[in-house]
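Visitor: Next come the chains, spelled out residue by residue.
2 protein chains.
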Amino acid sequence: MDFNTALYTDLYQLAMGQAYFLKGKHGTEATFDYFYRKTPFNSGYVLFCGLEEALDWLEKVSFSREDLDYLSEQGFDSGFIEYLADFKFTGTVKSVAEGEIVFPFAPIITVTGPVVECQIVETYLLNCLNFQSLIATKASRIRYISGEDKALAEFGLRRAQGYAGLQASRASFIGGFDTTSNVLAGKTFQIPITGTMAHAYIQSYDDELTAFRDFAETHPDNCVLLVDTYNTLNSGIPNAITVAREMEKKGKKLIGIRLDSGDLAYLSKAARKMLDDAGLSYVKIAASNQLDEHVIRSLKEQRAAIDIFGVGTNLVVGHENAALDGVYKLCSFEDKPRIKISENLRKMNFPGQKQVYRYFNGNGKCIADAITLEGLEAPDGMAHPFEPHKRMPLNPALAEPLLQEVMREGKRLSPVRSVRDIAAAAVKNLGRLPEEHKRFDFPHVYKVGLSSEIEQMRNHLKSEKLGESGT
Amino acid sequence: MDFNTALYTDLYQLAMGQAYFLKGKHGTEATFDYFYRKTPFNSGYVLFCGLEEALDWLEKVSFSREDLDYLSEQGFDSGFIEYLADFKFTGTVKSVAEGEIVFPFAPIITVTGPVVECQIVETYLLNCLNFQSLIATKASRIRYISGEDKALAEFGLRRAQGYAGLQASRASFIGGFDTTSNVLAGKTFQIPITGTMAHAYIQSYDDELTAFRDFAETHPDNCVLLVDTYNTLNSGIPNAITVAREMEKKGKKLIGIRLDSGDLAYLSKAARKMLDDAGLSYVKIAASNQLDEHVIRSLKEQRAAIDIFGVGTNLVVGHENAALDGVYKLCSFEDKPRIKISENLRKMNFPGQKQVYRYFNGNGKCIADAITLEGLEAPDGMAHPFEPHKRMPLNPALAEPLLQEVMREGKRLSPVRSVRDIAAAAVKNLGRLPEEHKRFDFPHVYKVGLSSEIEQMRNHLKSEKLGESGT
Numbered sequence: 001m002d003f004n005t006a007l008y009t010d011l012y013q014l015a016m017g018q019a020y021f022l023k024g025k026h027g028t029e030a031t032f033d034y035f036y037r038k039t040p041f042n043s044g045y046v047l048f049c050g051l052e053e054a055l056d057w058l059e060k061v062s063f064s065r066e067d068l069d070y071l072s073e074q075g076f077d078s079g080f081i082e083y084l085a086d087f088k089f090t091g092t093v094k095s096v097a098e099g100e101i102v103f104p105f106a107p108i109i110t111v112t113g114p115v116v117e118c119q120i121v122e123t124y125l126l127n128c129l130n131f132q133s134l135i136a137t138k139a140s141r142i143r144y145i146s147g148e149d150k151a152l153a154e155f156g157l158r159r160a161q162g163y164a165g166l167q168a169s170r171a172s173f174i175g176g177f178d179t180t181s182n183v184l185a186g187k188t189f190q191i192p193i194t195g196t197m198a199h200a201y202i203q204s205y206d207d208e209l210t211a212f213r214d215f216a217e218t219h220p221d222n223c224v225l226l227v228d229t230y231n232t233l234n235s236g237i238p239n240a241i242t243v244a245r246e247m248e249k250k251g252k253k254l255i256g257i258r259l260d261s262g263d264l265a266y267l268s269k270a271a272r273k274m275l276d277d278a279g280l281s282y283v284k285i286a287a288s289n290q291l292d293e294h295v296i297r298s299l300k301e302q303r304a305a306i307d308i309f310g311v312g313t314n315l316v317v318g319h320e321n322a323a324l325d326g327v328y329k330l331c332s333f334e335d336k337p338r339i340k341i342s343e344n345l346r347k348m349n350f351p352g353q354k355q356v357y358r359y360f361n362g363n364g365k366c367i368a369d370a371i372t373l374e375g376l377e378a379p380d381g382m383a384h385p386f387e388p389h390k391r392m393p394l395n396p397a398l399a400e401p402l403l404q405e406v407m408r409e410g411k412r413l414s415p416v417r418s419v420r421d422i423a424a425a426a427v428k429n430l431g432r433l434p435e436e437h438k439r440f441d442f443p444h445v446y447k448v449g450l451s452s453e454i455e456q457m458r459n460h461l462k463s464e465k466l467g468e469s470g471t
Numbered sequence: 001m002d003f004n005t006a007l008y009t010d011l012y013q014l015a016m017g018q019a020y021f022l023k024g025k026h027g028t029e030a031t032f033d034y035f036y037r038k039t040p041f042n043s044g045y046v047l048f049c050g051l052e053e054a055l056d057w058l059e060k061v062s063f064s065r066e067d068l069d070y071l072s073e074q075g076f077d078s079g080f081i082e083y084l085a086d087f088k089f090t091g092t093v094k095s096v097a098e099g100e101i102v103f104p105f106a107p108i109i110t111v112t113g114p115v116v117e118c119q120i121v122e123t124y125l126l127n128c129l130n131f132q133s134l135i136a137t138k139a140s141r142i143r144y145i146s147g148e149d150k151a152l153a154e155f156g157l158r159r160a161q162g163y164a165g166l167q168a169s170r171a172s173f174i175g176g177f178d179t180t181s182n183v184l185a186g187k188t189f190q191i192p193i194t195g196t197m198a199h200a201y202i203q204s205y206d207d208e209l210t211a212f213r214d215f216a217e218t219h220p221d222n223c224v225l226l227v228d229t230y231n232t233l234n235s236g237i238p239n240a241i242t243v244a245r246e247m248e249k250k251g252k253k254l255i256g257i258r259l260d261s262g263d264l265a266y267l268s269k270a271a272r273k274m275l276d277d278a279g280l281s282y283v284k285i286a287a288s289n290q291l292d293e294h295v296i297r298s299l300k301e302q303r304a305a306i307d308i309f310g311v312g313t314n315l316v317v318g319h320e321n322a323a324l325d326g327v328y329k330l331c332s333f334e335d336k337p338r339i340k341i342s343e344n345l346r347k348m349n350f351p352g353q354k355q356v357y358r359y360f361n362g363n364g365k366c367i368a369d370a371i372t373l374e375g376l377e378a379p380d381g382m383a384h385p386f387e388p389h390k391r392m393p394l395n396p397a398l399a400e401p402l403l404q405e406v407m408r409e410g411k412r413l414s415p416v417r418s419v420r421d422i423a424a425a426a427v428k429n430l431g432r433l434p435e436e437h438k439r440f441d442f443p444h445v446y447k448v449g450l451s452s453e454i455e456q457m458r459n460h461l462k463s464e465k466l467g468e469s470g471t
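Chains as they are written, first to last, in full-length UniProt numbering: chain B, 1 to 471; chain G, 1 to 471.
Where chains are identical, the list cannot tell them apart; a pair therefore holds if satisfied intra-copy or between any two copies.
Mimicking DSSO-like on lysine-lysine, the simulated pairs with C-alpha atoms at most 30 Å apart in a straight line are:
| # | residue 1 | residue 2 |
| --- | --- | --- |
| 1 | Lys411 | Lys187 |
| 2 | Lys284 | Lys428 |
| 3 | Lys273 | Lys284 |
| 4 | Lys250 | Lys23 |
| 5 | Lys269 | Lys300 |
| 6 | Lys252 | Lys23 |
| 7 | Lys347 | Lys269 |
| 8 | Lys253 | Lys23 |
| 9 | Lys187 | Lys23 |
| 10 | Lys25 | Lys250 |
| 11 | Lys273 | Lys462 |
| 12 | Lys273 | Lys150 |
| 13 | Lys284 | Lys23 |
Note that these hints are calculated values from the structure, not bench results.
Produce the complete structure using the sequences and hints provided.
Guide: Right, dumping it as structure tokens:
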């Protein structure tokens with residue numbers, strides 16, 4: 001399946017494209033902002049993820065002859081189809097760096113180019129960035145609650161949403177996981193892969209001990225034994241201890257055992273004691289079975305003796321939100337700022353081409369983001385975006401612009417960043433976020449505000465539009 | 001991205017494969033069952049979906065030279081890699097038909113073949129079938145509550161989980177949706193595509209009326225106008241009425257208007273009255289904005305004047321479960337039935353190669369599924385799988401076997417079924433399910449049971465294994 005086709009879009013993008021084309025407006029320059037409104041998982045932040053893949057797609061996207069024939073069958077105008085035959089994305093993209101933390105309502109990406117191009121690429125950008133940011137955020141929360149000393153293994157492919165399993169493994173690694181079970185993701189993104197064995201392997205033998213022995217013999221350097229097929233404490237762990245001792249005689253070491261059912265806190269402590277008593281304190285304990293950040297938090301509170309958490313379904317589908325509400329809104333057309341009116345101030349967009357500045361305190365921790373118009377310096381104060389009486393002074397000397405040009409005329413401006421680099425950046429960026437925004441219970445709301453210039457522009461356009469529509 | 005690679009699997013499948021291979025057991029015949037344990041969405045059933053894609057993958061799957069090089073770098077045994085160079089799936093698949101309704105614990109697919117092949121394909125089968133069945137089930141519930149007279153449009157691609165958007169559109173159509181916004185899905189699966197316009201299109205104009213006029217002019221035969229950019233009742237609908245009248249003068253008809261914010265029940269009724277008063281009773285009203293089966297149920301109760309429901313995010317990610325818990329369990333190896341022991345009877349599998357019979361009443365409605373051993377006739381009674389004292393007599397004269405051979409020696413036995421055929425079959429199959437299993441509140445639990453032969457086999461193996469493990 002080739003996903004580099006521009007057909008991976010919503011029909012209405014092409015319908016609008018035809019309207020622009022037939023009216024001769026398809027080349028008019030437009031700017032769209034990508035941002036989200038609500039953090040998932042009751043998180044205090046979102047970890048931005050998916051940019052490299054999005055840029056890759058933007059560089060490659062086109063319509064094949066077969067695609068155009070299909071659009072012709074669907075009744076599209078022949079002149080418009082001819083135009084699409086040479087379709088490429090030729091616009092400019094400014095973006096927050098992948099692996100950076102981002103907050104509600106502040107633009108994360110801005111896309112500027114001929115309006116038809118900007119519309120056609122909208123659907124894929126949202127699809128790619130919403131999903132990967134969702135999963136990276138979930139992964140970062142699991143890392144946060146697990147602590148740096150635990151190993152985190154992602155193995156959600158079997159319950160991932162179809163082909164999204166590939167992207168989920170990438171985003172999980174960027175969010176802080178150490179390994180994936182997904183072999184294709186390992187190859188595609190050069191991330192470490194790990195895996196043990198299934199119950200089926202044990203069941204295929206008449207007895208568990210022989211199954212363990214054969215596995216150890218055929219995997220002398222990376223043997224992890226699944227101990228709960230028949231009875232964890234009475235069969236699985238004693239047999240694993242037997243095999244670990246046999247391995248020692250050959251100069252090898254059993255890497256670990258895996259618990260996959262039952263009370264993981266109780267079983268892990270019992271297993272630790274049995275292993276330690278047998279002189280096998282080096283054997284690690286891995287645990288799995290519907291884990292997520294909440295279960296891991298509980299296991300940590302109970303001082304479960306678990307070294308490796310294996311997390312699947314809940315991570316890779318981003319349970320319980322399963323979607324990030326990112327949107328892509330027109331903010332400028334033909335050099336004029338544009339706005340959508342709503343009774344709900346939160347549903348109105350911020351007009352005009354913009355920049356976002358992030359402010360730090362003297363300790364290097366980020367404290368606020370201010371949205372202003374492009375080309376302006378970092379403001380020395382900002383207003384709450386929806387409660388304008390709330391204002392906050394800012395120190396421009398400690399501000400950094402977040403949106404950087406990453407693509408010009410449809411070409412990347414920098415080499416592709418490796419997934420490992422992005423993951424390392426994420427660690428650094430999360431380290432600059434104060435603890436109160438990372439905590440699970442009622443995280444402190446990070447401050448995002450508007451410069452006076454953008455506030456005035458919004459108020460002006462709002463009055464103008466409301467005047468026109470007669471209310 | 002090529003997903004037809006056998007690398008789209010969990011590493012442990014290959015780790016177990018190497019153990020089997022080095023012990024000379026890789027060719028040993030095994031049978032695995034695919035089934036699920038818990039219905040999502042508090043539904044009374046699951047609509048089985050994804051089989052055609054799974055069979056397609058099984059026919060095509062292989063390792064490329066590049067894949068093998070990657071495995072070699074990962075430390076796999078060179079003999080095993082040589083074996084994988086010729087890897088193909090050569091097994092037999094028996095399956096319930098795609099578009100059939102299925103219930104917890106009854107096998108939906110059985111896969112028989114050399115154990116290494118069965119293991120390597122496990123991950124993809126689960127990934128594909130779990131996700132598509134989840135979405136088809138969600139779609140069927142939305143269809144059920146909407147009624148047959150409403151049009152249902154799926155447009156979730158922007159919030160779908162990455163590449164899974166393609167599969168989500170397919171499954172939504174099979175579950176009862178009429179159209180998708182996803183152009184690639186339309187082309188790939190020959191399903192109808194629909195789309196209107198975004199707020200951005202309206203905002204790109206200085207005024208809404210000109211935007212509407214231009215769209216109507218460039219889409220004379222399929223014009224649906226989005227009316228909430230500025231003010232639905234004071235601007236959007238009056239402008240749409242103006243344009244509808246102008247279209248009439250050219251012999252054209254406005255297809256519809258779309259509401260995308262505000263109180264959809266109130267606005268739709270007000271819009272209906274305004275359109276009717278203007279002599280435009282043929283203009284349909286579409287509504288969208290975070291719809292799902294629960295919101296639609298409420299809108300129906302309020303008698304909202306909505307003809308077309310547009311459903312996105314909540315459908316395509318299968319909110320709020322986001323995953324179906326389908327599993328793939330070894331039930332036979334080297335002609336011997338196999339079992340996994342658990343303190344929880346629900347976590348034990350049913351051993352042996354099996355068939356499932358579905359029983360109907362005199363009105364053609366299905367009333368129970370009985371699991372028995374392959375080769376046996378439909379039983380005349382069954383026991384509850386986990387509460388053996390509960391028994392139920394059955395009439396074998398009204399039973400049909402559900403598992404049919406669909407693939408032998410790695411080749412399909414029938415031509416590919418079209419998505420439309422499967423969707424039509426789903427309508428028929430859902431029609432045979434009594435209403436009490438389809439209702440939203442406390443659906444009646446459909447009865448799935450065991451024949452005496454399989455019950456005895458389970459009890460025998462359980463005693464044997466518990467004896468061995470010393471408990």
